[in-house]
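**Student:** Given next are the chains, with one letter for each unit.
There are 2 protein chains.
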Amino acid sequence: MTLLSALITPACVIDINRLERNSERMLTKCRTVGLPLRPHVKTLKSTQAAAIYAPLPSAITVSTLAEARYFAGAGYQDILYAVGLTPNKYEAVNKLLADGVAITVAVDNPSAVDALTRASSLFCKPLSVVIELDVDDHRAGIAPESETLLSMAKQINDAEQLAFSGVMAHAGASYGCNTQAAQTAMAKQECERTAIAAERLADAGLPCRVVSVGSTPTALSDYKQTGITEIRAGVYATFDLVMADLNVCAVEDIALSVLTTVIGHQPKKNWVLVDAGWMGLSRDKGSNNHGYGLVTDASGKVLDGWYVSMTNQEHGIIEHKDKLPIPDGLFEFGSQLRILPNHACATAGQYRKYFVTRDNQTVSEVWDSADGW
Amino acid sequence: MTLLSALITPACVIDINRLERNSERMLTKCRTVGLPLRPHVKTLKSTQAAAIYAPLPSAITVSTLAEARYFAGAGYQDILYAVGLTPNKYEAVNKLLADGVAITVAVDNPSAVDALTRASSLFCKPLSVVIELDVDDHRAGIAPESETLLSMAKQINDAEQLAFSGVMAHAGASYGCNTQAAQTAMAKQECERTAIAAERLADAGLPCRVVSVGSTPTALSDYKQTGITEIRAGVYATFDLVMADLNVCAVEDIALSVLTTVIGHQPKKNWVLVDAGWMGLSRDKGSNNHGYGLVTDASGKVLDGWYVSMTNQEHGIIEHKDKLPIPDGLFEFGSQLRILPNHACATAGQYRKYFVTRDNQTVSEVWDSADGW
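Chains F and V, in that order, give the protein sequences.
For the first sequence, the numbering used here begins at 1024 and goes up steadily by one.
For the second sequence, the numbering used here begins at 1024 and goes up steadily by one.
Since the hints were derived computationally from the structure, they do not count as laboratory data.
Check before you lean on any hint, since a few could be wrong.
Note that the list lumps identical chains together, so a pair holds whenever it fits in one copy or between two copies.
[What the hints assert, rightly or not] Pairs of lysine to aspartate or glutamate, EDC-like flavour, derived with a Cα cap of 16 Å:
(1) LYS1292 with ASP1160
(2) LYS1291 with ASP1160
(3) LYS1376 with ASP1394
(4) LYS1292 with ASP1157
(5) LYS1118 with GLU1170
(6) LYS1291 with ASP1157
(7) LYS1292 with ASP1276
(8) LYS1118 with ASP1137
(9) LYS1148 with ASP1122
(10) LYS1177 with ASP1226
Build the full structure now, drawing on both the sequences and the hints.
**Tutor:** Right, here's the structure in full:
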């Protein structure tokens, strides 16, 4: 039996009770709206974690082909690769097809469709293709109202070895929605604009098998989606301080933390030095409200006002938001703390294994994760 | 023969000509001052890279025990672990000692010395210990003028299985020195304050075998160090935009870049979307002057004014600093670019392998790296 206190720090710790509770919350929401969930596995990139929030034979979403290969190796068959596909990745996609994986790829512009069409005879089986929509003027995607949407879909549909499957959208702008009302409005916009695209395509004789939307804030909002076929979301399983700042979760729901050890102090500055720097925490400052993360004691209880104010590669500096002196008996040399992450995807991305705990004292499991691209 | 253009992107590329040139520059500087260099290998964490800038039997500096084990496995014997040692790492240090590695550890406070002294009979061989000094009021370390320095050294010296070896300092404040004059002044301060500590210890009958200082800006400054025994530095081998902003190097010296592929555009915003997000670039904004990095063409030529303005996990957004429209023929779908990093340590830390090129077209070697803690 390994104790958390015996781990080499920094170490990434998963509170499995919280992970289970968060996963159940999203599944309940999807059941309520009557839609299947296609979890985005990019946060933890771990099949053991996915066994809780995306149990086989769940459909999943990935952000890299390395994730696709790793999850396919564990039996996941229905995989959406949600980043615009480029020619240097065709061969890797074809390898997945050859291995029997029902991978779906995304494109959002005519040049991407031209390139894919020209190369389509390369694919050993029909490749499922969705078109990414821009529903929130946020990042990528094509306008649901555009003529180009229809011509792209037709070109895909006509190509040998390509199968036009539908549309996907991600309302990334929901991360800027600070109220439940704004999140609900964004969910409505994400859903309605995506449904418009699907209707236009169906009217043009190009029905969409996949009409996919989602982000954690919109998926958990009060809006009841209609006209779509599935919901995607990812960070809900662990949550993080960005989600807590949006009131999508409570700080006490955050299932991922970084275990760290006190290596020293700078008493005149009221600083506590720990062995979690940006290599262990990531450089993600999230909402810019909590430095590099909030501090809890070794059991996960938030130490009010204490946060990681600065980081170097393997050093973190903890101080109180009101510059309070270091209390006696707290933060002693060699004692352990945990840091709640601004952005769970970025923090988890710094680790290849996670130490799972159910009692906040012992390690019940060690999970692995996909790496690279 | 693998072409860079065939790589799955994002990929981390090393321009070996630049790496060799940068390494030679630092070695020449150290030869000029007549001091040995103990390179910090935390930037690339790669034995194949170290073969150029820290060839065996060079002494090295590491930031994690995982680096220590990885480099020890390649034959490195004289290793300084430069992060304050805590009790949860004693067993891993002892394993290195048992494997014949002459590891040196660092402490900077009496509690750390107390803990180490109490546990010292654990170590299978005498463990070399240095005391970290605070020479610039920047992060960790104990004041060179303090009585505590002497009492800590004596306590280490008296302990069974501990060997007091000397002092180390790192003028991290040099990263805030924007002129050559300020860097030289900081080098003088770093060196003189460290030498004071060594003199005081020698006078107290505790001679220092190791009197170690360094940071890339101070090591490359005009100051001629005396009274010390070695210079440490790390990022000089690759350099980065932070170092270029300090005029420690030119942008054209930067040996590390991230190869990325254009996945689409948002023409109305003059955005180019690429497949390098913060997972491939890191979230490090460096001097806050270049977003998430400057853009070059596939051959490494800087595209003036183009930078990565925003990132998501696997998406980067490139735009011009003056919001210029996307020029015809540049940034076409599927074309490749390279991103120069703000902070090479953070960007390299996102990768487990590096693609090395000498001609900016073909991959001559693939290097691995240490991972984890």
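**Student:** Does each hint hold? Answer for all of them.
**Tutor:** These are the hints, each one checked on the structure:
{"no.": "1", "hint": "LYS1292 with ASP1160", "verdict": "between (45 Å within a copy, 10 Å between copies)"}
{"no.": "2", "hint": "LYS1291 with ASP1160", "verdict": "between (48 Å within a copy, 10 Å between copies)"}
{"no.": "3", "hint": "LYS1376 with ASP1394", "verdict": "both (10 Å within a copy, 11 Å between copies)"}
{"no.": "4", "hint": "LYS1292 with ASP1157", "verdict": "between (48 Å within a copy, 13 Å between copies)"}
{"no.": "5", "hint": "LYS1118 with GLU1170", "verdict": "neither (33 Å within a copy, 66 Å between copies)"}
{"no.": "6", "hint": "LYS1291 with ASP1157", "verdict": "between (52 Å within a copy, 13 Å between copies)"}
{"no.": "7", "hint": "LYS1292 with ASP1276", "verdict": "neither (32 Å within a copy, 37 Å between copies)"}
{"no.": "8", "hint": "LYS1118 with ASP1137", "verdict": "neither (21 Å within a copy, 57 Å between copies)"}
{"no.": "9", "hint": "LYS1148 with ASP1122", "verdict": "within (10 Å within a copy, 53 Å between copies)"}
{"no.": "10", "hint": "LYS1177 with ASP1226", "verdict": "within (12 Å within a copy, 85 Å between copies)"}
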